[in-house]
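Trainee: Now for the letters of each chain:
6 protein chains.
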Amino acid sequence: MTSTVLMEELDAFTYREMVGRGAPVIVPVGAIEQHGPHLPLQTDVLLAKAMSRRLAEDVDGIVAAPVVYGYKSQQRSGGGNHLAGTTSLDATTVIAIARTLTLEFARHGVRQVVFLNGHFENYQFLYEGVELATTELVQRGLKVSAILLSYWDFVDDATIEEIYRGSFPGWDVEHGGVLETSLMLHLHPELVHAERVMDLPAAQLPRFDRLPARPELTPVSGCLSSAAAASESAGRLLLERTSAALADTIGAELRTQHMVTAHATPGPNTL
Amino acid sequence: MTSTVLMEELDAFTYREMVGRGAPVIVPVGAIEQHGPHLPLQTDVLLAKAMSRRLAEDVDGIVAAPVVYGYKSQQRSGGGNHLAGTTSLDATTVIAIARTLTLEFARHGVRQVVFLNGHFENYQFLYEGVELATTELVQRGLKVSAILLSYWDFVDDATIEEIYRGSFPGWDVEHGGVLETSLMLHLHPELVHAERVMDLPAAQLPRFDRLPARPELTPVSGCLSSAAAASESAGRLLLERTSAALADTIGAELRTQHMVTAHATPGPNTL
Amino acid sequence: MTSTVLMEELDAFTYREMVGRGAPVIVPVGAIEQHGPHLPLQTDVLLAKAMSRRLAEDVDGIVAAPVVYGYKSQQRSGGGNHLAGTTSLDATTVIAIARTLTLEFARHGVRQVVFLNGHFENYQFLYEGVELATTELVQRGLKVSAILLSYWDFVDDATIEEIYRGSFPGWDVEHGGVLETSLMLHLHPELVHAERVMDLPAAQLPRFDRLPARPELTPVSGCLSSAAAASESAGRLLLERTSAALADTIGAELRTQHMVTAHATPGPNTL
Amino acid sequence: MTSTVLMEELDAFTYREMVGRGAPVIVPVGAIEQHGPHLPLQTDVLLAKAMSRRLAEDVDGIVAAPVVYGYKSQQRSGGGNHLAGTTSLDATTVIAIARTLTLEFARHGVRQVVFLNGHFENYQFLYEGVELATTELVQRGLKVSAILLSYWDFVDDATIEEIYRGSFPGWDVEHGGVLETSLMLHLHPELVHAERVMDLPAAQLPRFDRLPARPELTPVSGCLSSAAAASESAGRLLLERTSAALADTIGAELRTQHMVTAHATPGPNTL
Amino acid sequence: MTSTVLMEELDAFTYREMVGRGAPVIVPVGAIEQHGPHLPLQTDVLLAKAMSRRLAEDVDGIVAAPVVYGYKSQQRSGGGNHLAGTTSLDATTVIAIARTLTLEFARHGVRQVVFLNGHFENYQFLYEGVELATTELVQRGLKVSAILLSYWDFVDDATIEEIYRGSFPGWDVEHGGVLETSLMLHLHPELVHAERVMDLPAAQLPRFDRLPARPELTPVSGCLSSAAAASESAGRLLLERTSAALADTIGAELRTQHMVTAHATPGPNTL
Amino acid sequence: MTSTVLMEELDAFTYREMVGRGAPVIVPVGAIEQHGPHLPLQTDVLLAKAMSRRLAEDVDGIVAAPVVYGYKSQQRSGGGNHLAGTTSLDATTVIAIARTLTLEFARHGVRQVVFLNGHFENYQFLYEGVELATTELVQRGLKVSAILLSYWDFVDDATIEEIYRGSFPGWDVEHGGVLETSLMLHLHPELVHAERVMDLPAAQLPRFDRLPARPELTPVSGCLSSAAAASESAGRLLLERTSAALADTIGAELRTQHMVTAHATPGPNTL
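Chains as they are written, first to last, in full-length UniProt numbering: chain A, 1 to 271; chain B, 1 to 271; chain C, 1 to 271; chain D, 1 to 271; chain E, 1 to 271; chain F, 1 to 271.
Chain A on its own, in the form it takes in the complex (with noise of 0.2 angstroms):
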């Protein structure tokens, strides 16, 4: 047995040393969610895991278990959860996960959270559950600070250009498109039905949302551009840029406050 990251594989001694030793935590959140006839449903759940993973790896960090189901998907930006197979949660419980969750680790004795969101939709109720617990330990007098993002917002516009060329349809209609599927095709090509990609036009979405949605608005595929250029390599590199620009952004914050924190004994806390 190998050394890991995954707090799923971890056991619980292990864990309790690696959190003694100052070790974040960084949670994978994703979504089960239809991602066209090319992509598996938990596309978003293994992309915020491999993503989560390179940041641990950096950082010395621990991947906790993912968030597998997330917010509804809309139809602006997942197609829209009156689809089949989308399969999701109310906000509140959404709230209730990454509150929960922040309060666990904190009671275990981890100092430093990280949320790494690969499900546009649930930022803003990851947002409000982070906030919640961390106002609460505050109040308990406990140091507990987390950190949270897409990991899409470190792809940075060099990046873009090199792969689309010019023709970047915008993160709006990326849903299924060439960056989730290339960093399929990278990571995980077995699970990819290339040759079931539809290469349509990318949807022509309002400046508003309505409800219920209007399903004629999310193209057939379910997908809301096309993923006909995506390419392994083109997934290789999106993960190298996108791990770096984490590694650098999100080490360094961590360093920084560990720096403040240097002098407090992390360890479980009796409650």
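These are computed hints drawn from the structure, not numbers from a lab. Here the structure is a predicted model, which means the values were calculated and not measured.
Distance condition first, Cα-Cα at most 25 angstroms in a straight line; then the derived SDA-like pairs of lysine to any residue: (1) A/143 - E/141; (2) A/143 - C/143; (3) D/143 - D/109; (4) B/143 - A/215; (5) C/143 - E/139.
With the Cβ distance kept under 10 angstroms, some of the chain F side facing chain E (calculated, not the full set): (6) 74; (7) 90; (8) 92; (9) 131; (10) 133; (11) 137; (12) 147; (13) 210; (14) 211; (15) 249.
Beta-carbon label-pair distances, calculated as ranges: (16) C/172 - B/233: 53 to 59 angstroms; (17) E/248 - F/171: 24 to 30 angstroms; (18) C/200 - B/220: 58 to 64 angstroms; (19) A/240 - F/172: 47 to 53 angstroms; (20) F/139 - D/215: 44 to 50 angstroms; (21) D/190 - F/172: 43 to 49 angstroms; (22) F/171 - E/200: 26 to 32 angstroms.
A virtual CB, placed ideally from N, CA and C, is assigned to each residue, including glycine.
Chain A is fixed; fit chains B, C, D, E and F onto it per the hints.
Mentor: Positioned in the frame of chain A, the structure of chains B, C, D, E and F alone reads:
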């Protein structure tokens, strides 16, 4: 007494008559949030209400009484909820308000509800509330349709260029900046302390959120960019262009929906 | 720009200065509720706000932005929540609003919060929200004190007699009647359709509640007693007498509390 | 074994038979609340139950098992929830209990539910619970009607005068006073320590609520007025008159409703 | 008037004295649930209360007013919640009741709370409520300890053998069977219709739950095994043995805890 | 790419096809919980997933993405929730997850949902979530049926005897013991540190729960009984026998239900 589109000023009999004629209801949603030393705490409420009023006049609609208190200010879009003056609700409360108002207007016989948002952080929570309500209404067999929007999504690039002349700092740091200050100078000059604008560099904010917030990341003004270049004329331009875009886009959407349901007889539901 | 006691018109810097000097915050709580064909839907908001403003001026306080939407109208006090126009929140939402606002003002450094109610049905739910907040604050070691009141409890018998001359129908049926209409004629005549008052007998309501409500028990005007005898002068008298009683009673209470805590240094809490 | 109207003593088969014949269900709601040194903590439960039993006998109904714990005692009506012995639920729990019981009785096939309240502070929360349930039942197409009342609203002025001889202190300070003590002396003399009554002046309570409560405003007895004048005969009179008024008013209301729905076949819902 | 351990019969002054001496509070938790044609709907309440009373007498404790309504009946342990007469609360309500009662007793100064359960389905929800409360109390620095138990876990194998003589059908189908009926014959014979016992074979229930329940799996009696062999003497034996085991085990546990905290001064908390 | 029964690996189009053919969905539910020094934190997830996969293959079903985080570990069944590594959700969150997933699968057109539990403490909360969902679905007229089970209820006595040879310590202390360790040795040997098994006596746990837990009652290993006798062959036997029992029992139940609804046309619901 003159005619009004403001529900708060209407008596119930006139309101019912307007609803009976098929008037959509537009709900302005704001916040009580610090906007620096030169703008009042209700800035988001006033701007959402002004935009709603113009839209209502264009589409023969009704402006609901505003939702005054909104979701917590976030550091990257509003300076952060640690600042005194900013007075916010939890996510579940904002969700409940949006859900219940949608159900109440549906009970009145309203068939089209528009939530017009003036505070960035509200959006996803309004979405959830409206999603819960419209799903319930569909299950009960009621055809009610809701639209959600943030008014700045209707400011076009040409207007931005005309006002900022190449120095647009990005929407993310527009809190208390040129856009909001110009609109307020045009709409409510008596509430603006132009002489107190603090001409500081735009905030440098990271690509992630951190909680608890680091107060030092927010400029001492509480504004994320400088309002020094704001002017009444820019405000007038912004209001005119944005109102026109709203009237075009949302007006068309409302008319489309109306045609579909024209044969149904609107009227108060007995429950 | 002149000085104001309205938080919504204050900028954050001035607000903080006033809080730093120990100003109490007075929260007007109303409702969007039908008040017959002659009064606007926001009647309860406007009256709570007017009373709050006078009290703030007398006690050197601040009037918070109003709570605009309130608890469901009940048939025996407001005609019932089956009527179109009346737009209400569930109990849990009203509770959450009162609880959160109290906690937010406490975070700002406010040490005295007054909820001034203008809609009968709100009272117990405001109480619960404030009870939850103050209990939590005591547990966290913060000395914050809250006062709750409905303004009509400060109308004295002599004034009632002076205005009604023996024909006072009782507070239970004063919805949309002489008191509210007179106050509105004095404060906001432009919003009153005096000519549309329906001079109907007072409602005969049972000693119990029934749900679902029997619509036929509410007069067709939506008012529980006639406003035909309302007048601007009665409104002025009511406002003066009630404001004076509020200033005396609540002012004394606020001063008492202030003396007790005078040695503590008010100021924003770091949480 | 003799016949009973108490659901708690009935077996399920007999209960179903009674429901099948159209029996209304009356739910007594009390509290566990200090009532001074002379009355037991369950006073409100016992009085609500006694009134319910008489009403059930008069209208051929069933008395549900009592709701024993109620909403928090308030200083102006019950001495305050800071007193030991008083054991209370939060508002949301009382609301949930009232809502769920209404839905459960509706599931059994009951068509008329009466909540008979014996603790002042419960009323609005029971109302909300019943409102939520009956609204849901209407939406599901079930004709279930609910009545809510507090028994003291059926004590008439003549009885008050006969008992108090002009010294009635007002309902607001009747907690642990002549009314409750007299009723208990008549119904449960073995639970009354008449010799421990503390003959103190009635509480002087302000026209507002303050939280946290000022303990010194509640008399040391915990009672808001003196029970020294209580007697078994006054209790008998109160019980007879109030029961008769309840039987008349509520009995008539129940019969009215019954006629309307006489053609429907009552019986357990399959859900 | 004689001494009592029942909180509901105690006045507040006597209750406070007992709490001040360190008395633990025992909370009987039951249900309103069909128990066939021969047992009353409150069987679980009465049995939990009887066991609690004996335990209180043995450990110098107080029996709280019972929690009368419990969690939904499940088909494999109570016949199912589709049956009329069974009147149940949702899980969140049971959780809230257990949580709040624990906090209220802690506020009174009680340092040991025992939840004595008489309805199988309640257990996990009581656990959650007590877990939430004790975690909160630890965070607030209060040393309050809670014990949870179901009384049948204290019936030993020898007693089972003595009563059933090898025909014990298993606890899973003991609903309305020999154990409960015997205990009721001993404790409340006037509430048992022994002549109406339906002598049917024990229910054959699967190793899984199915929802919605299949009504045909529950015997028409509503009982999961026959009570034909029940007797008053078996009830007396069960009560004696179980009470003794409870007194031994729980009594020892309470004394252990008491020694630990003996130096602390029990008394009402100021919050 | 080969065929799979795992929803997480399926694309949405294939998933819809399988649902359209009437495939039941099986939801594995686990926990992140310490299992001693020799088993990974995700043991309960992996075992529930393995059992679900075999059942899905036998009944032509789909395995939903697992519910990874579960309810709090209890001392008598999992060592207690005070231990670091154990990472748990509150009851209301587990209930919400089970409720929402059932509703989401129903929205997809699924007509049979099975929750296959691998963590003792989850069961009652899953039950409540499923109960709420199926009750709501019945009220909306949708025929959806749910099954709940814990896999160890399908381990028969003969297998127990074959593996333990008379030394079975009871299910209550099987946490981290022979059963789970053997199954993991068979299914995921790379995740087991067999050499780190601590061969301690089985825990002696009382017949009641106490909160806060007494840490000293849990063996230092975190396991409630020794896994020293675990073996890969015992794991294979357990998996085969249990899978067969599940296939027989649940397969039969699913076919029964299927016949009943064979005439209905499965397919995604429009809501």
